[in-house]
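*Asks:* Now for the letters of each chain:
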Amino acid sequence: MTHTITIEPVTRIEGHARITVELDDNGAVSDAKFHLTQFRGFEKFCEGRPYREMPALTARTCGICPVSHLIASAKACDQLLSVSIPPTAAKLRRLMNLAQILQSHALSFFHLSSPDLVFGWDAEPSKRSIFGVMSHNMQLAKDGIRLRQVGQLIIEILGGKRVHPAWVVPGGVHDALSRENRDKMMQMMPEAMQIARRSYGLFKEVLPKFADDFDHFGSFPSLFLSLVTPKGGLEHYDGLLRIKDANGNIVEDMIPSEDYPRIIGEAVEPFSYMKFPYYKPLGYPKGMYRVGPLARLNNCDFCGTPFANVALAEFRMLQESRPVLSSFHYHFARLVEMIFCIESIERLLKDPAILDTRVRARARGNRNEGIGVSEAPRGTLMHHYKIDDHGLMTWSNLIIATGHNNLAMNAGVKQVAQKYVNGQRLTEGMLNRVEALIRCYDPCLSCASHAVGQMPMQIELRDSKGRVLDRLSRS
Amino acid sequence: MIVPATPPKVRVVTLKIDDKDLSAREDETILEVARQNRIAIPSLCFLEGLSIWGACRLCVVEMKGSSRLLSACSTRVTEGMEVQTNTERLRHYRRVILELLFAERNHVCSVCVSNGNCELQSLAQSCGLDHVRVPYRTSVYEVDPTHDLFRLDHNRCILCTRCVRVCDEIEGAHTWDVMGRGIGCRVVTDLKRPWGESASCTGCGKCVQVCPTGALVSQGTSAGEMRKDRRFLPYLSQMRGVR
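Protein chains in written order, with numbering that gives the first Met the number 0: chain A, 0 to 474; chain B, 0 to 242.
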């Protein structure tokens, strides 16, 4: 008899999702699916609006990474204007994007994932939260909160508010940076760097505890997609697309972002509202690829800042001469990127040109199609717009980082379920592992469904006729 | 030598607004007298210098002896009048009016170009409007982006007709009009031709500057960037020869 185990909703992720695990007659896992249960329709209701509203409008997709949407959207609008924005505007946008990645990674690592890493999968659920971490290791919790605050403060100083600043606009940014505000940001950097390095050290200490999980935690061959600099360095704001395979061969390189439709296709499945992007030459679903911190570090040749370069070398030692395949190492990659972000922010702030007051190119819609691609905390983010001659949106396509990872998350859930789920019984520990796998990708489902979710969890064990055999719930 | 104009023969009346003893010229309205005496009465369609329309009903006040609510912008003061401008009943009605305005069209402040510089938004904030209790209509309203300099977004229009009046009374172009009835009511340019094809529009932009919301805005503005420039407003009254 076939059984289905449902985990709903998945907790400590951004959004609302359900996992179903299907068992065959012998109680072994036959399939596992990650369902996104909300629909939001941004691509559709953008139609008819002036393209200049797009950065602010699409930023409303998400409260965690609005800056990423602002940036990808503004870049698409820059193309509609057919302008090359002032260099200082590009630097300021880059600065805000790095601050956004820093705060989002801090949220993911410290607030959402550190309880699993500190207490282990089988610990009591009530302990596995940021509050549990606080009572166990106050310094770690404080560090996480402060590091996120630093990222948020930079966003606030630049854009006027921490969530949904409307400062990034088509053609550049709204205001120039004042010397006083530059100094305020500078002052926070040494402390941020200390925290990032301390956390990195701590993570390396606990890492061996999870060695058994590396191979079962979404560890499978896949392609990796990310932006890189023209020289192959780590890139988050601009750059060119690169795809590497699981053996480390570069299969696509230096692809201008406008050419993404040539390499990325999109499929849909009836069980989820999230799309399933795939690498076109390999077809669906073979063209599965991963994006995000893991993909970025696998794809780049170097980071380009001193400490991050060292951390990248240590990251590469996780797997010999091949890309790191285990999704568990998304955490590692996130820590390396946090260090990179802080070093890069510092470098940008030290550049005297950052104070230049020429920060906006003014033009009107000069083209009917624009594509903006940037790296959001969770991976490559693509905004693609078409407008009419008067500047009203006629069509839009958003491919969100979490969407790119959709096929990989499904594959990862299946792998974890096969290793840890036993159809005879439902245990907290096994469900936590399935959930923790999803958490590695730090999925932002509100973005991917283009939601705010509630956090109680329900798991059901069903037979082939849909009868509930067992139920486990927590709130 | 400048000959002073003969003062019009108007009487002075005494009245009470919010229990405050005031005197005023008999040709003044309750709203004018209240504002001269720093008594705040909310309004949207009223704009000093333009003719009085009395459509938004936000300036309604209570008058002793009358069970009917009166719009302060269109009611002249009379001798012995006793007016209340901020009672529980009035606050209730004003809130309901604002809720209906928000529910009728798609006023999405967060992405509006006038966010932070909108009279409707400020009024809603001052009236404590944190949610709307009636269902939103969420009808589709078009945007007219055809004008070179300006853009019309019907989603944000509250039909205050300030644009219609300023264009007719001050600019003298009479580009704007109101068409349709009830829920189908719209402001239109040149008998519903696209604004960009309007032969009568002089492109002066007065309509844009007097618009209280993000319905009429300058092209090239992104969210929160539209600032209305009303520096010309003090001259409106002089241009019309009113006081």
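Worth flagging that the hints you see were computed from the coordinates, not collected in a lab. Check before you lean on any hint, since a few could be wrong.
[Said to hold, decoys possible] Pairs of lysine to aspartate or glutamate residues, derived as EDC-like cross-links and limited to a Cα-Cα distance of at most 20 Å, are as follows:
1) Lys385(A) x Glu141(B)
2) Lys227(B) x Asp174(A)
3) Lys183(A) x Asp387(A)
[Unchecked claim] Covered stretches of chain B (chain A as the covering partner; in silico rule of three or more C-beta atoms under 8 Å from a C-beta of chain A):
4) 138-144
5) 216-229
It should be emphasised that the depicted structure is a prediction, and the values quoted were computed from it without experimental measurement. Built from N, CA and C at the ideal position, the CB exists for glycine as well.
*Asks:* If a hint holds in the structure, say so; if it does not, say that too.
*Replies:* Here is how each hint holds up against the structure:
| no. | hint | result |
| --- | --- | --- |
| 1 | Lys385(A) x Glu141(B) | holds (17 Å) |
| 2 | Lys227(B) x Asp174(A) | holds (19 Å) |
| 3 | Lys183(A) x Asp387(A) | violated (43 Å) |
| 4 | 138-144 | holds (count 4) |
| 5 | 216-229 | holds (count 7) |
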